[in-house]
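A.B. asks: Use these hints to put chain B onto chain A, whose structure you have.
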Amino acid sequence: MEDAQSGNQPLRILIADDSDSDRLILQAMLRRLGHEVVEAANGGEAVERFRHASPQIVLLDAVMPGMDGMEAARQIKALAGERLVPLIFLTSLSDADALARCLEAGGDDFLTKPYNRVIIEAKINAFNRMRLMHETLSHQRDLIHEQHRKLTEEQEVAKRVFENVAHTGCLDAGSIRYHASPMSIFNGDILFACPRPDGGIQILIGDFTGHGLPAAIGAMPVAEIFYGMTSKGFSASDVLREINQKLKRILPAGMFCCAALIQADFALNQVQVWNGGLPDGWIIRGDGERLAMPSAHLPLGVLDSHRFDAAMAILQTSPGDTLMFMTDGVLEAASADGDMFGDAGVSAALQGRRDGQTPFEAVIDRLCEFSGGRLEQDDLTLVTLQMAEGGALEGLSDRLQLSALEGPAEWRCTYEIRDRTLGQFSPLPLLLHICMEVPGLRRRSGEIYTLLSELYTNALEHGILGLPSEWKATAEGFGRYYEERERRLNDISEHYIRFSLTHTMTDYGGRLVVVCEDSGHGFDYHQHRQPSGSGHGYAGRGLMLLHRLAGPLTFRERGNHVEIVYDWHFSEAGKTDDAAVHKPGVSHE
Amino acid sequence: MPIQTRRSEDGRTLTIKIEGRFDFSTHQAFRDAYEHGDQEVKGYVVDLSDTTYLDSSALGMLLLLRDYAGGDNASILIENCNSDVRRILAISNFEQLFAIR
Numbered sequence: 001m002e003d004a005q006s007g008n009q010p011l012r013i014l015i016a017d018d019s020d021s022d023r024l025i026l027q028a029m030l031r032r033l034g035h036e037v038v039e040a041a042n043g044g045e046a047v048e049r050f051r052h053a054s055p056q057i058v059l060l061d062a063v064m065p066g067m068d069g070m071e072a073a074r075q076i077k078a079l080a081g082e083r084l085v086p087l088i089f090l091t092s093l094s095d096a097d098a099l100a101r102c103l104e105a106g107g108d109d110f111l112t113k114p115y116n117r118v119i120i121e122a123k124i125n126a127f128n129r130m131r132l133m134h135e136t137l138s139h140q141r142d143l144i145h146e147q148h149r150k151l152t153e154e155q156e157v158a159k160r161v162f163e164n165v166a167h168t169g170c171l172d173a174g175s176i177r178y179h180a181s182p183m184s185i186f187n188g189d190i191l192f193a194c195p196r197p198d199g200g201i202q203i204l205i206g207d208f209t210g211h212g213l214p215a216a217i218g219a220m221p222v223a224e225i226f227y228g229m230t231s232k233g234f235s236a237s238d239v240l241r242e243i244n245q246k247l248k249r250i251l252p253a254g255m256f257c258c259a260a261l262i263q264a265d266f267a268l269n270q271v272q273v274w275n276g277g278l279p280d281g282w283i284i285r286g287d288g289e290r291l292a293m294p295s296a297h298l299p300l301g302v303l304d305s306h307r308f309d310a311a312m313a314i315l316q317t318s319p320g321d322t323l324m325f326m327t328d329g330v331l332e333a334a335s336a337d338g339d340m341f342g343d344a345g346v347s348a349a350l351q352g353r354r355d356g357q358t359p360f361e362a363v364i365d366r367l368c369e370f371s372g373g374r375l376e377q378d379d380l381t382l383v384t385l386q387m388a389e390g391g392a393l394e395g396l397s398d399r400l401q402l403s404a405l406e407g408p409a410e411w412r413c414t415y416e417i418r419d420r421t422l423g424q425f426s427p428l429p430l431l432l433h434i435c436m437e438v439p440g441l442r443r444r445s446g447e448i449y450t451l452l453s454e455l456y457t458n459a460l461e462h463g464i465l466g467l468p469s470e471w472k473a474t475a476e477g478f479g480r481y482y483e484e485r486e487r488r489l490n491d492i493s494e495h496y497i498r499f500s501l502t503h504t505m506t507d508y509g510g511r512l513v514v515v516c517e518d519s520g521h522g523f524d525y526h527q528h529r530q531p532s533g534s535g536h537g538y539a540g541r542g543l544m545l546l547h548r549l550a551g552p553l554t555f556r557e558r559g560n561h562v563e564i565v566y567d568w569h570f571s572e573a574g575k576t577d578d579a580a581v582h583k584p585g586v587s588h589e
Numbered sequence: 001m002p003i004q005t006r007r008s009e010d011g012r013t014l015t016i017k018i019e020g021r022f023d024f025s026t027h028q029a030f031r032d033a034y035e036h037g038d039q040e041v042k043g044y045v046v047d048l049s050d051t052t053y054l055d056s057s058a059l060g061m062l063l064l065l066r067d068y069a070g071g072d073n074a075s076i077l078i079e080n081c082n083s084d085v086r087r088i089l090a091i092s093n094f095e096q097l098f099a100i101r
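Chains as they are written, first to last, in the working numbering: chain A, 1 to 589; chain B, 1 to 101.
The shape of chain A in the complex, shown without the other chains (with noise of 0.2 Å):
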């Protein structure tokens, strides 16, 4: 680049004038203060030396025969483009209107002549310095267009790997509806689904502070550690207690992730919710009541992992139900005056619901009304679950990742947990782990998972902790039953809960026996010889589900051991239908 300090640098000077002696007057004028100099008799002669000599400054006679002075500016500056070309015009006129018409035709200043040397050098030397002005400026423009594509470029890139990374997951689930800004990575909304083994889904919806790569780079490790853990069946608490301590060590202090995780259990029909910094989630009952879910928690990342709380709320839910959550873009959106939606907004928008329309839908066209369209320019996100009779979701097992390995066939595990860590820890994703191991049982994990869970609860929730199931029948014991879970889960002593996992091959495929065991009471299963299929209690659901999923379910003792064998077949091993190989029946000994 040129120095835009000098003014004294040689420049290439175009001269037009039909007048010999004026020309050459000029000429060595403009040669001593050291210039160069194009020479051209005519507006037409002009025009061309200007294509071809490309000249930095052009003085321009306004009155010559032919194509005169003005047509001349009009074509080099058409030439010259986006280049400053200052363009003086040389002239003895005195006529205002003439001089303006000069000006008019693309001309940037005159000269009358005679000529005045110290005049001239100090009108050169002047456009000189707009001329690199405008050079420079030019060239910072071009500099900031280039990095701009550039960057634009790049985050196209690092969209294609975050995606790969932070998937979406299952948020094209039919029961699934949300709305997200395109490049929403990089204003620092997130939104994940994952399907749960037994057949729910989780949801996870946050929106970090600040934006940009910051908050792009903080997603990343939350959808690793969601997706991770999610297919494995580890339970909300535990996903997010894991998200939690690694925020709190990569991200620095200030930064953080407003976030709530929605865990939906279709069979129970039952959600559990943590909202931690996020604007009201709420349901939507069937019959338009709502119910606010408002945040109860500091965000993600602020606090230590021996400060967090990863309490959820449980409720129940009936198929037909909503949910919805969304980050604060969507309070924020302000219409053309300057006013925000609001939390008012929101509850007018489902207060006002059309017969047919669904929440999502009311909300989202409140707010397109309300900000006038403009919906794509903004970092809002809102997402909605539909509750569903029964799982919703298929085919989870084709996105667990297939080992190479043959795998173990003839085995056997024990594995007990006892007192305080019964209500500190879920020993089902390391058994689904366990039992994955097997191919002929991997593409049977949902299945494996809920059979597991089952077991488990029914030994901890009935069993050890001795929580009546008819509570829940009701709105009011709901809560309460869950309150005195947590209450009995804190008072644990001597207690435990023993997984006994059998495995053999058979000649038409494999047999996974398990037995749960538990310390507690039991109970008199002589009593309970079929469920019932309409149960309204949770034991009886429950037990309705592993009838469903395996064979006979065997107790023991007190109804205390609880003994289901699972077969498996090669033909079907690469199936996902049901499996179930015994008819259901309860058998005792």
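You may find that some hints are simply not true.
[Unchecked claim] Each computed EDC-like pair below joins lysine to aspartate or glutamate, with the alpha-carbon atoms no more than 20 Å apart:
(1) B/17 <-> B/35
(2) A/248 <-> B/72
(3) A/248 <-> A/309
(4) A/246 <-> A/304
(5) A/246 <-> B/67
(6) A/123 <-> A/142
(7) A/77 <-> A/109
(8) B/42 <-> B/79
(9) A/248 <-> B/95
(10) A/248 <-> A/339
(11) A/248 <-> B/67
It is worth saying that the hints were derived from the structure and are not from the lab.
C.D. replies: Only chain B this time, still in chain A's reference frame:
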């Protein structure tokens, strides 16, 4: 000046008062307000009586102050919040970390 500081007579309490919007644009000024204080300062008061709005980066700045002031042992009082500001602090459950009055 959107941020003003005042020391108590015994020099042990630093009051930081934020006017208008408390957001990322006040980041540097807010940090300067407490980082140049001397060792004598034992407690902080964040006066939000003239604060009209507070966003998540302001929450982050409050956490930075808390860290600076000793983390769990920090003594920080946030006072005079208007209802909007109080609501934002409540959603984030900041009352678990700060005394809010």
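A.B. asks: Taking the numbered hints from earlier one at a time, note which ones the structure violates and give those numbers from smallest to largest.
C.D. replies: Going through the list in order, the structure violates hints 6 and 10 and respects the others.
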